Amino acid sequence: MRVSFLYYEECPSHDLALERLREVMAEESIANEVEVIKVETEEQAHELRFVGSPTIRVDGQDIDPPIDSGYALTCRVYHLEDDRISPLPSKDMIRRALQSVANSRPG
Amino acid sequence: MANLKPGDNAIPFELPGVDDRRHALGDYADKESVAVVFTCNHCPYARAWEDRLIDIQADYAERGVQLLAISANDAKKYPADSFPRMKERSEEKGFNFPYLYDESQEVARAYGAERTPEIFLFDKGAILRYHGTVDDDYDDPAGVRKHYFRDALEAVLEGRHPLSAQTVPVGCTIKWK
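Quick note, the sequences are listed as chains A and B, same order. Per our numbering, the first sequence starts with residue 8, numbered consecutively. Per our numbering, the second sequence starts with residue 3, numbered consecutively.
In case anyone wonders, no lab produced these hints; they're calculated from the structure. Treat the hints with care, since some could be wrong.
[What the hints assert, rightly or not] Sample of chain B residues lacking proximity to chain A, with all beta carbon distances greater than 10 Å (derived):
hint, residue
1, N5
2, R23
3, G28
4, P46
5, A50
6, D57
7, E64
8, G96
9, D125
10, D141
11, D142
12, R162
[Unchecked claim] These stretches of chain A come out as covered by chain B in the derived footprint (C-beta under 8 Å, 3 or more residues):
hint, segment
13, 8-22
14, 27-35
15, 90-100
[Unchecked claim] With a straight-line Cα cutoff of 16 Å, these simulated EDC-like cross-link-like pairs (lysine to aspartate or glutamate) come out:
hint, chain 1, residue 1, chain 2, residue 2
16, B, K179, A, E49
17, B, K7, B, E90
18, B, K95, A, D90
19, B, K126, B, D76
Fair warning: this is a prediction, and the values are worked out from it, not measured in the lab. For every residue, glycine included, the Cβ atom is placed at its ideal position computed from N, Cα and C.
Here chain B stands alone, though its shape is the one from the complex (with noise of 0.2 Å):
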């Protein structure tokens, strides 16, 4: 169950981007929208849903949205998800946003994610607007009737809230220390 609802304000942190830079959430307070996505390298869940996210940020880039994703799981565990891992990752699929390491889990801990991919989006005063999944087909991009995720930008973008302000996020459970 994540610790924050739609109308919560979002917890402030600062990581490192497989860019090598630190990134933190206060540095894209101009932006219209920020989706704050846990999601990591290896889960096939994570990786389903790659593309759409690139898309979409490609899409809404000049609308002022900015996704962050953010990888917590542990490496030792997982090492297809190690900074070095994501760094490789970041760079074959090409991704257009920065991709943050949450080594600590702390991030994770606090957002109260559970899964990867797991999308908590604001509006430009920071407060949550959608918590969810992508959309509703994981495995067929052809087959989704359920933008959860894009409705929910056009809705924040256009000042309104989502119909679907929460939705059960689908995917591999974050792999914790």
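Chain A on its own, in the form it takes in the complex (with noise of 0.2 Å):
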């Protein structure tokens, strides 16, 4: 499984968001590394089709697949489950799209 962070270091909650995914990842029991990538450039962004900061991807999925949204360096927003806005993915977000690609592997 191949986990990527990618971040923008003007969005505050990078460093917030990367500790969860770890500890998402650790209770999961997924030891890989995470691939952290730091987007600088709006040319960086549209080469590694960034919307947002912070984005994760699961083997090369995002967590949770933008509808609609052009690649720039920006803030990433996040609808919760309780239909609250957030700069950070949730827990149960990120675990999800973790158990997701790992069920659908073969076993």
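Using the hints, put the two standalone chains together into the complex.
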């Protein structure tokens, strides 16, 4: 399983989001390294299909696939399960994405 | 770093609002306290705190508190922050305070605002009494331990100096032209 974490430094929650990702991975007994990518330019944002910070991908799949979002150096809006808006994905959101990929792999 | 520090005078401005009226800071001189809040549409931090700002305006309106929200982001780079989209956002959320557009970014630059949201709270004499963030948990309203803005409002309305007169604004950077 390849887990990528893409961030833009001007969004202050990236360290907390990375910590949250690592916590969930530990809880799910996923020992893989997280590939951390700092996105620094608009060109890089386009190349990496970066819709905002933080972005987490599991085997290349966004944990919360964006709808109609452009690529930009920006902070990302997450719509949480209880209808709140947050700059951070919830632990449940991360967990579901990790489990979904793990369960789809041949056993 | 903000250009204003606690004890400094407010910097006057006049800006168009989403209600298609012009709003000058001086229009609110009769208020007990005015909070100038730099914010925007697209930033998740600004959006996470929107409901709490609406609640604060509702809770303190009768005590003479007025919030003035200002968006100064470059709408060319961030179309979600354009004036028409500000009108939509205000309508959608039911903002109970003016939402003003600082298209030239002169007001944001004069104040030295850097983040969205970022609060400048003035007393009745237009003296800055608090500068900073809303509270200590953007992610979870139930997890808030330090209600910096509310505490500062209480202090100002009681004629005291807030215990925390400055906190670090947490949010997206203002998108300069």
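For K95/B and D90/A, compute the direct alpha-carbon distance and say whether it is at most 16 Å.
holds, 13 Å
Separation of E64/B from chain A, once the least beta-carbon distance is taken, above 10 Å:
holds, 27 Å
Beyond 10 Å on every Cβ pair: is that true for G96/B relative to chain A?
Since the minimum Cβ distance to chain A is about 15 Å, G96/B lies beyond 10 Å and the statement holds.
Would the non-interface assignment of R162/B survive a Cβ cutoff of 10 Å against chain A?
Holds, since 30 Å exceeds 10 Å.
Examine each Cβ of chain A, and state whether all of them lie more than 10 Å from the Cβ of D142/B.
violated, 8 Å
Establish whether the coverage given for the segment 8-22 of chain A by chain B is satisfied; the threshold is a Cβ-Cβ distance below 8 Å, and no fewer than three residues must meet it.
holds (count 4)
Once the closest CB in chain A is found, is it more than 10 Å from D57/B?
holds, 14 Å
Once the closest CB in chain A is found, is it more than 10 Å from N5/B?
About 20 Å separates N5/B from the closest Cβ of chain A, which puts it past 10 Å; holds.
Does the alpha-carbon distance linking K7/B and E90/B stay inside the 16 Å limit?
Between K7/B and E90/B the Cα gap is close to 33 Å, so the pair fails against 16 Å, i.e. violated.
Tell me whether the statement that chain B covers the segment 90-100 of chain A is true, taking a Cβ distance below 8 Å and needing three residues at minimum.
holds (count 5)
Taking only the CA atoms, is the gap from K179/B to E49/A under or equal to 16 Å?
Between K179/B and E49/A the Cα gap is close to 15 Å, so the pair holds against 16 Å.
Does the no-contact call for D125/B survive, Cβ to all of chain A over 10 Å?
Its Cβ never comes within 10 Å of chain A, the nearest being 29 Å, so this holds.
Checked against the numbered hints given earlier, the structure breaks hints 4, 5, 10, 11, 14, 17, 19 and satisfies all the rest.
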